[in-house]
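Generate the whole structure from the sequences, applying the supplied hints.
Okay, so the sequence shown: first residue is 79 according to the numbering used here, each after it adds one.
Bear in mind the hints are in silico, worked out from the structure with no lab data behind them.
Predicted, not measured: the structure shown is a model, and the values here were computed from it.
Beta carbons are placed, not taken as given, at the ideal position from N, Cα and C, and that holds for glycine.
There could be a bad hint or two in this list.
Straight-line Cα separation of at most 30 Å, DSSO-like style, residue types lysine-lysine; simulated pairs [what the hints assert, rightly or not]:
no.	residue 1	residue 2
1	400	390
2	443	390
3	243	444
4	323	424
5	456	443
6	424	363
7	389	159
8	80	91
9	363	407
10	243	253
11	109	159
12	363	400
13	239	400
14	456	253
15	390	323
16	253	239
17	253	421
18	407	159
19	390	239
20	323	91
21	421	323
22	109	243
23	444	253
24	444	456
25	363	350
26	424	80
27	109	91
28	456	438
29	438	390
30	424	389
31	424	350
32	80	159
33	438	239
34	444	239
35	91	239
36	323	438
Computed beta-carbon distance windows for the label pairs [said to hold, decoys possible]:
no.	residue 1	residue 2	range
37	106	167	15 to 25 Å
38	184	403	45 to 55 Å
39	182	227	36 to 46 Å
40	377	433	34 to 44 Å
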Amino acid sequence: MKTAIVILNWNTKDYLRRFIPGVLAASGCSKDGGCEGAEAEVIVADNASEDFSLSVVHNLFPRLRCIALDANYGFTGGYNKALGQIRDEGFEYYLLMNTDIEVADGFLGPLVDFMDSNPDCAACAPKLHSWYDRDSFEYAGAAGGYIDSYGYPFCRGRVMKTLEKDCGQYDGAPKNVFWATGACLMVRAEVFHRLGGFDDRFFAHMEEIDLCWRMQLQGYRICVVPGSTVWHLGGGTLAPDSPFKLRLNYRNNLLMLDNNLAYVCAQGVVHKNETVSAAASEGLKMARRRIWTRMILDGLSAIVYLCSFRKKYFDAVLAAHKEYRHLRKRPTQAQVGQWLREKGGKAHIRGIYPGWMVPKAMFAKKEFILEVHEFQNKV
79 MKTAIVILNW NTKDYLRRFI PGVLAASGCS KDGGCEGAEA EVIVADNASE
129 DFSLSVVHNL FPRLRCIALD ANYGFTGGYN KALGQIRDEG FEYYLLMNTD
179 IEVADGFLGP LVDFMDSNPD CAACAPKLHS WYDRDSFEYA GAAGGYIDSY
229 GYPFCRGRVM KTLEKDCGQY DGAPKNVFWA TGACLMVRAE VFHRLGGFDD
279 RFFAHMEEID LCWRMQLQGY RICVVPGSTV WHLGGGTLAP DSPFKLRLNY
329 RNNLLMLDNN LAYVCAQGVV HKNETVSAAA SEGLKMARRR IWTRMILDGL
379 SAIVYLCSFR KKYFDAVLAA HKEYRHLRKR PTQAQVGQWL REKGGKAHIR
429 GIYPGWMVPK AMFAKKEFIL EVHEFQNKV
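As structure tokens, this is what we get:
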């Protein structure tokens, strides 16, 4: 058995009751959770839920394997700890899945087959549809994601809050993207552990974008496999309008840029015949300037929140910046230089849109969506 489907749970017992039967059936497991001879082993990892989630699982699926964690470690820490416990069991792939994902028979095979045939791909995902509107893409990942120069994410099939109907416009061969959704993400186990898994500082939100970026920096591709589709309910753990969620997104976006941007900037400079040392130094300076600009843009959005009487959101942005300054660990010139020598000539970072997408998406949305369709052909 080469694949482990690991479902991370925190206080969502009703979703476990509703969606696990479909995952078991699609994986070839028995209704009671036994997975001997199946395509994959299904495992529930629980972040110390307080709603008796594990009791529900044990009663309904008595043979289903569970990993009970001793605290709520969030998405990042929960997966890192759970996958660390099964690291030596020989799985080639982990399929990380939210509790609010509905699957269909045959969803797993295209993902595994693609990973088997493409060893240069470190992570892939199915198309993500909305559980409420079955033919529409879902916000959390749609048909694969990109970012712009300042770290703002968007997707094939989702720009800002505008969601496209899936009319087959993203079908065909699997496509390179910058990031794939963490709601249902298949990762190569060896690469995941070699890179240290998710960044624990993130706790939740944008951790999969950071991981996909770090995978690309090591020379791997990230892909979406349109032959597989799942349906995502969304908002199961944190409500979409939660100030805490907003704080995590603002903070983690800056941490993500801090982790990775200097390498990309330095790679662009060294291609202009600069020495490795000079390119590393200039890359760090460019990244700091870009991050500072992003923080200014965040500040402007905070003022908009305040002027529209949403002080909780204003406070969330300020708290995010304070936490970022406390948590940041930007790379050194020596680290960037070493990466340039070892990986800089091999890594091809796909899917960073040049410029700032937000004004285009707000004031020329239709034109920008068409531009996204054109941009994907360059990735």
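So, going through the hints one by one against the coordinates:
The straight-line distance between the Cα atoms of residue 400 and residue 390 is roughly 15 Å, inside the 30 Å bound, and the hint therefore holds. Straight-line distance between C-alpha atoms of residue 443 and residue 390 comes to about 28 Å, which keeps the hinted pair within the 30 Å bound. Straight-line distance between C-alpha atoms of residue 243 and residue 444 comes to about 14 Å, which keeps the hinted pair within the 30 Å bound. Of the supplied pair hints, the one linking residue 323 and residue 424 is violated, its CA atoms being roughly 36 Å apart against a limit of 30 Å.
Taken as a hint, the residue 456 and residue 443 pair is honoured in the structure, with Cα atoms around 20 Å apart against an allowance of 30 Å. Between residue 424 and residue 363 the alpha-carbon distance is near 23 Å, which keeps this suggested pair within the 30 Å criterion. Taken as a hint, the residue 389 and residue 159 pair is broken in the structure, with Cα atoms around 36 Å apart against an allowance of 30 Å. Of the pairs offered as hints, the one joining residue 80 and residue 91 holds, with about 27 Å between alpha carbons and a cut-off of 30 Å not exceeded.
Note on residue 363 and residue 407: the hinted pairing holds, with a Cα-Cα distance of about 15 Å set against a maximum of 30 Å. For the suggested pair residue 243 and residue 253, the alpha carbons sit about 18 Å apart, so the restraint of at most 30 Å is met. About 27 Å separates the Cα atoms of residue 109 and residue 159, which keeps this hinted pair within 30 Å; it holds. For the hint pairing residue 363 with residue 400, the CA-to-CA distance comes to about 21 Å; that is within 30 Å, so the pair holds.
Distance restraint check for residue 239 and residue 400: the Cα-Cα separation of roughly 27 Å lies within the 30 Å cut-off, and the hinted pair is therefore satisfied. For the suggested pair residue 456 and residue 253, the alpha carbons sit about 11 Å apart, so the restraint of at most 30 Å is met. A C-alpha spacing of about 12 Å is found between residue 390 and residue 323, which places the hinted pair at or below 30 Å, so the restraint holds. Under the criterion of a C-alpha separation no larger than 30 Å, the hint pairing residue 253 with residue 239 is consistent with the structure, at around 22 Å.
For the hint linking residue 253 to residue 421, the alpha-carbon distance of about 23 Å falls within 30 Å, and the restraint holds. For the proposed pair residue 407 and residue 159, the alpha carbon gap of about 22 Å is at most 30 Å, so the pair holds. For a cut-off of 30 Å, the pair hint linking residue 390 to residue 239 stands: about 21 Å separates their Cα positions. For the hint linking residue 323 to residue 91, the alpha-carbon distance of about 21 Å falls within 30 Å, and the restraint holds.
Among the hinted pairs, residue 421 with residue 323 is inconsistent with the structure: their alpha-carbon atoms are about 34 Å apart, more than 30 Å. The suggested pairing of residue 109 with residue 243 is violated, with an alpha-carbon distance near 33 Å, which exceeds 30 Å. Distance hint between residue 444 and residue 253 is fulfilled; the C-alpha atoms sit about 22 Å from each other, no more than 30 Å. Restraint check for residue 444 and residue 456: the C-alpha separation of about 20 Å stays at or below 30 Å, so the hint holds.
Restraint check: the Cα-Cα separation between residue 363 and residue 350 comes to about 16 Å, which is no more than 30 Å; the hinted pair holds. For the hint pairing residue 424 with residue 80, the CA-to-CA distance comes to about 28 Å; that is within 30 Å, so the pair holds. Taking the CA atoms of residue 109 and residue 91, the gap is about 17 Å. The hint holds against a cut of 30 Å. Only pairs whose Cα atoms come within 30 Å are accepted, and residue 456 paired with residue 438 is accepted, the gap being roughly 19 Å.
Under the criterion of a C-alpha separation no larger than 30 Å, the hint pairing residue 438 with residue 390 is consistent with the structure, at around 27 Å. Simply put, residue 424 and residue 389 have alpha-carbon atoms about 46 Å apart, too far for the 30 Å limit, and the pair is violated. Proximity of residue 424 to residue 350 is assessed by CA-CA distance (about 16 Å); at most 30 Å being required, the pair is judged to hold. This hinted pair checks out: residue 80 and residue 159 have alpha carbons roughly 20 Å apart, not beyond 30 Å.
Taken as a hint, the residue 438 and residue 239 pair is honoured in the structure, with Cα atoms around 13 Å apart against an allowance of 30 Å. Annotation: proposed proximity of residue 444 to residue 239 holds, straight-line Cα distance about 13 Å (limit 30 Å). Straight-line distance between C-alpha atoms of residue 91 and residue 239 comes to about 28 Å, which keeps the hinted pair within the 30 Å bound. For the proposed pair residue 323 and residue 438, the alpha carbon gap of about 25 Å is at most 30 Å, so the pair holds.
At about 18 Å, the beta-carbon gap between residue 106 and residue 167 stays in the expected band of 15 to 25 Å. Residue 184 and residue 403 have their C-beta atoms about 47 Å apart, which keeps the hinted 45 to 55 Å range intact. The hint said 36 to 46 Å for the Cβ distance between residue 182 and residue 227, and at roughly 37 Å that hint holds. Range check, residue 377 to residue 433: Cβ separation about 20 Å, and the 34 to 44 Å hint is violated.
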